[in-house]
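Fit the two chains together into the complex; they arrive one by one in their own frames, and the hints show the way.
Protein chains in written order, with our numbering: chain A, 1 to 89; chain B, 1001 to 1569.
Worth flagging that the hints you see were computed from the coordinates, not collected in a lab. These numbers come from a predicted model, not from an experiment. One or more hints might be untrue.
Unchecked claim - List time: in silico DSS-like cross-link candidates among lysine-lysine, alpha-carbon distance up to 27 Å:
| id | chain 1 | residue 1 | chain 2 | residue 2 |
| --- | --- | --- | --- | --- |
| 1 | B | Lys1341 | B | Lys1321 |
| 2 | A | Lys81 | B | Lys1477 |
| 3 | A | Lys22 | B | Lys1341 |
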Amino acid sequence: MAFQSKADQQAYWRANLSLMLKLLAIWFLVSFGFGILLVEQLNQIQFFGFKLGFWFSQQGAIYSFLALILVYINRMSALDKKYNVEEEG
Amino acid sequence: MDIQTLTFILVGLSFALYMGIAVWARAGSTQEFYIAGGHIPPFANGMATAADWMSAASFISMAGLISFMGYDGGVYLMGWTGGYVLLAMCLAPYLRKFGKFTVPDFIGDRYYSQTARTVAVICAVFISFTYVAGQMRGVGVVFSRFLEVEISTGVLIGMAIVFFYAVLGGMKGITYTQVAQYCVMVFAYIVPAVFISIMMTGNPIPQFGFGSDLVGTDVSLLDKLDGLSTELGFTAYTDGSKSMIDVFFITAALMVGTAGLPHVIVRFFTVPKVSDARKSAAWALMFIAIIYTTAPAIAAFARVNMIETINGQDMAGTPYKNAPSWIGNWEKTGLISWDDKNEDGRMFYAHDKDTRNEMTIDRDIMVLANPEIAGLSNWIIALVAAGAVAAALSTSAGLLLVISTSISHDLLKRNLMPQIKDKEELIYARLAAAVAICIAGYLGVNPPGFVAQVVAFAFGLAAASFFPAIILGIFYKRMNSQGAIAGMLTGIVFTASYIVYFKFLNPAANIPENWLFSISPEGIGTLGMLLNFAVAIVVYKFTTPAPQHIQDMVEEIRYPQGAGKASHH
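Looking at chain B on its own, in the form it has when it is part of the complex (with noise of 0.2 Å):
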């Protein structure tokens, strides 16, 4: 069978199979829309965290990230599994206990403010909405590939089943989905690894496939690499090219954004006790660091096959007319040209653009077109199309599940509309998630053009702004709201500020020269989290400490005897 109609038949079967989870797994009252009624066991938590986490950008684009950056590519690695070492030790088990629905509730209700509440609504839907607009590229992407459907088309498809089991199921609809989608994704990820990691190395574990030899040679693989990469003048792939207080205050960044992230935190909320919030966060991070060690595996296979497809075994350039198909098929999508700059009728792939190099390579087809370059077989590409569909879902329905819990928990409930009931507040909160759907669907289909450039912000400000403020919510007890609210106020402007600067006002500005202490817009988010935590302190030791019965309440939130299940009150 060809690959568009073995894809139609995969991504279809996955999603009637999201479909009748949604069904199954409908939400009767706010407390199982908002956190699945708190009784998600912690193995089921943390596949379903895995997958929110686990966007279309870390199942399309990461692998690719690396594979261009070599060892750069470390600070996505180790930003994006390192935050799971704080959220265990200093986040989950703590926000389980204190028991609330949200984010800005824990905000709110530590710091005795409605102000700080709002600031913290503010965040955490600006922070989801950047977000959501990714995700609905990718899908895009995937669909406009695969399927050969308008790109609109396919986001309106995604849209419509992200509705179907996130308006009806609420967080127990996309908690149950979202552990299908980890088992999707896992499998489309890790199989054809697998596979080229036995045809290239002979070793049938990716992870120590890439440190090994490749076959017939007593060559390793990533010493070709090396080789192959300053040959074509590129850096050595086992060197970095990036500075290394950038790559330091990136992975940070990163770490703590991941930490800071409402899509992420309110998962904790959903297990029935605080010792289940612990365990999740190991459950999580297990089921990401199966994808995230095979992913620099992937990155280096593609690499050297990439290379080999294009340059040749002899690095004299493959003639045109023998490219391998799948050169084609993405050329289609414009995510591959060839520019024959000295007419010989050659491809060649190489680093200095105005001489050797012809080709221009998207970094995001490099998991897509893996099992294409590595000649896999057609039912594993089209594995990998449904995969790559399910992270992209699986995160915005996270996401949008943030979104209308803002909306309708933190601004009508807590803040506007107190009186209302649960079963009103339900309708809102399912009102919030489609409208929320709309516009998400919106931006995916007219995507604004700085989708790619806003990424940093989500974790630059997920790190300046809720991650100092919980932290000293949690370890500082007489922390008060004038300085929590001034650091997080502090964090966001200064952060905000210099990633707009750098990547809208003033773009062509933004060379390693022009950067502060030469941190990257990407890694400033670290700088933001520090002037965050130095201000809150100081303003507190110029003002009144929180009253008494917010530090009792902090007392009790961390020790975990009595945590009953989250509720509103």
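Only chain A is shown next, with the shape it has when bound in the complex (with noise of 0.2 Å):
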């Protein structure tokens, strides 16, 4: 079955929304964040023989993207299930 209500529907799609922007804050700042804007204070730390910054850059932010798209799609069937929208079969 789809969706109970309209109101559901809304409260389905602001969940996605919310877990999305989450995730995407997260994406933002591994790459963006700690691999460039920050890079050289990081720089400063020693990480395993690397230093933070350029680990991130080269390294730690592609492990982070994987991460985070397991996590979104752990949350987002279980967020169907929840709704009853996920698909037959």
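Encoded structure:
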């Protein structure tokens, strides 16, 4: 069954947007933040042989991106279930 | 066995594999030709997307670029992976639910306008041709070095293979070939990296190895590299020489451009369900990350190896008569040259062009020459050649499919000849693919001088045209056709003029002092995208909102339930 009510449909969309914006904020922070804007400050810190800012730019940001997508998939499938809009089959 | 024989064997075997897949996965309908029947499981689609995405440029050039750019090379690493976060969360699931074949399909239907559709078709074809010309150059470089045939012969062989499986199999053939090509690529990329990492740092995982100490010393690889770089007049490897604002804008342009590239987006139409589109994005990024986190390690290893080989351990220069064979091999292709300025018979590599430096080294050879530089065995060198060919072929095929789909589906079926039947449309699709392959082959044999220059175009235009139109189409249901068209046109005209001016009309002026807000042509797509958004919203405010049935349709693509297979209607 689809949404029970119009209010449910709006709540689903709001929950989706709020999750997306939170995850995109982290996306921005690890790449543009740690990898670019704050790189000089973070480079003062050593991290397993790397300068931390350099590591974020060439390694850490990519690992974080993958983690963000996994969290998104997980949360969205829970949300689809909660509002009964997951796909048939 | 010598390198050439091994290369013939490995490349030949991989070609036989692709042909076998093509025969097995023939397309019988336009649905199979355009979107592989919508049956591709997310794991396979992720792998195919990764191969589709990783072009000859990623495979051959990226580690080389990073090797020469150090920290600044991070723009490619973050830029070409961060876009998948946008795809997974903001585009792929909704476009899949929308359930059509192409990006112009979405733009045309969502903005209820043939003008919007036509603008989108032109962008898609232009972006894809720009990109495919670069792929052909990659095939040419690999063939000329490893098979020692004329570049044009190499391109013809490559075109014949793509012709066979793209025209016969369409998206279905391409998808399964790309899965095989990914496996070849990842093996070819990782194996030499692991060997070199063990040799230099004792750590078998390259991602950790390039943060470790060099074997037998307590100096870390990166410290050594920073030291060498500054000694030779370069900036330290872990610092950049680009301005922060430029790094920011280039990274953003590449991320957003990735999310707006039609050949990447269309891959998400091939899975059965919306939830599979989300999963595909995760698989794709995982497969890409395996290669992209290895690339900076290869870059650092190759840089140290190259400097030490040319300048010698003692930094006095290696006598040319003792030069390792790879230098001679690559000199033949014109990608390395030595000019003995001080006539001491020794090679020397440094930053100061006029005084100390005697070497010209093309960045494109770093990955291809890396196994030779590190002295690895011949079969690994041949494997890298097969991987590079796989990378070029997989991306070309994906791009050619976008071009043929844009012509047969968006232009003919949805615009000029709506009455044609499925079988006829399929014939036109195959014809369009065949013509596109011939044009791409021509561009490969006679590469326009500006190929390297126009890569910025593909990403800049994708970022400045499609991305805002799609995002507004999904997240702003009242956005109307006037706003979207005005936005796309502004974004394209602004971005294209900036790039054309600095890259073609007045290349001499292409220095940071002349750039708008110090943004290079590579990063200008970000500003074009922001302008597109701004113009679209302002024009929207002065015109009537999208009609109710369009707003209802947008409401409907916002949740997964009820997504059938993608179709015409």
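So which of those numbered hints doesn't the model satisfy? 3
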